[in-house]
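One line per chain: the protein sequences are E and F, in this order.
Counting the first sequence from 1 gives a position; the working numbering is that position plus 282.
Counting the second sequence from 1 gives a position; the working numbering is that position plus 548.
What the hints contain is simulated information worked out from the structure, not anything from laboratory work.
Computed from a prediction, not measured in an experiment: that's the story for all the values here.
By construction, the Cβ of each residue, glycine as well, lies at the ideal position given by its N, Cα and C atoms.
Among the hints, erroneous ones may be present.
[As the list claims (entries may be wrong)] Facing chain E, a subset of chain F residues (Cβ under 8 Å, in silico):
no.	residue
1	Arg-587
2	Asn-588
3	Gln-605
4	Val-610
5	Lys-623
6	Ala-625
7	Lys-633
8	Thr-634
9	Ser-649
10	Asn-738
[Claimed, not checked] Which residues of chain F face chain E? A partial, calculated answer using Cβ under 7 Å:
no.	residue
11	Asn-590
12	Asn-607
13	Glu-608
14	Lys-627
15	Ser-628
16	Ser-635
17	Pro-652
Each chain is listed here by its residues.
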Amino acid sequence: MKHWKKILIAIILLSILTGIGYAYYIWNKPARNVANERAIKITATALYDSFAHDEQAANASFLNKAIEVTGIVNNIKKNQAGETVVYLQSSDIVFGVNCTFKQPPKAINKGSTITFKGICTGYLSDVILNEGILIK
Amino acid sequence: MQAPLITDHKINGMKKITALTCFVFSFGLTAFNQTYLTRNGNISFYSHTPLEDIKAQNNEAVSVLNIATSSIQFKVAVKSFHFAKTSMEEHFNTDDYMASSKYPKAGFDGKIDNIAAVDFSKDGSYAVTVSGNLTIRDVTKPVTAKGTIIIKNGKPTATATFTVKRKDYNVIGESFVQKKIAEEIQITVNCVYEVQ
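Looking at chain E on its own, in the form it has when it is part of the complex (with noise of 0.2 Å):
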């Protein structure tokens, strides 16, 4: 009788335990890192022509999936919390894809074809990705 309560009670513990440690993962979950996962390839411009001519369709290829874009580079500003953005060239004269880059990128160069990968986070003006890293 006594060892079938032992074994209860560390039953229990065990659970409580599991528990306490479920919760805290899910509380500190790291944040989605892109440089680990697989991405879909595509250039800017027909990127940016998917969301322009159907929008809802690109939504479904692309919406929260890692991207890995390569464009030529119209200009790089600093974001208004300080982050590196760079607009790549598309079709259109103004707008075209917004990347914003979750750590300071090494020197890039306004004329210039990168490769950036980051998460689109939708569309806009802009076709955006965020939370990128520079490839090449």
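Fit chain F to the known structure of chain E by using the hints.
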């Protein structure tokens, strides 16, 4: 008699063309300075309860400010809101809250009611009232907010803080977290514009 008449016509015609050219040219010049744009504005929100404070930042807001029509528009990608806690961010995007896969965008389309109070050519801080329609989760409701337009080196910055009742926009959430989420969510706009 004939000759001077023709000349008069020619002169009148030339005057008209000159006037038209001047008009088109000046209109073109003013129009050039009438639109301001940002592709990376900041919009954040804040929910305060005694149990928990929730904050999120979005640095990819698009906003267009047109002086001629006094219109002002904002658009955000819902998935661009980032939280300190990953689990909060994941919850925020689920169907219980923002359903961001179904409704990836939110936006505001309105007017600056007292745009005449702002001198866009003079550095300073100007109090404005903005009214228009706010759309979240495809629910559109009228909203009025007080804000400030700051002109610095010819560039305007628009700031405003206002509250929305989340349930008006069907942002409900699970029943067991209700005490942790404020009924009224504070939204803060802070957009630095470029001349378009």
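To see whether the hints hold, each was checked on the structure:
no. : hint    : verdict
1   : Arg-587 : holds, 6 Å
2   : Asn-588 : holds, 4 Å
3   : Gln-605 : holds, 7 Å
4   : Val-610 : holds, 4 Å
5   : Lys-623 : holds, 5 Å
6   : Ala-625 : holds, 3 Å
7   : Lys-633 : holds, 7 Å
8   : Thr-634 : holds, 4 Å
9   : Ser-649 : holds, 6 Å
10  : Asn-738 : holds, 7 Å
11  : Asn-590 : holds, 5 Å
12  : Asn-607 : holds, 5 Å
13  : Glu-608 : holds, 5 Å
14  : Lys-627 : holds, 4 Å
15  : Ser-628 : holds, 4 Å
16  : Ser-635 : holds, 5 Å
17  : Pro-652 : holds, 4 Å
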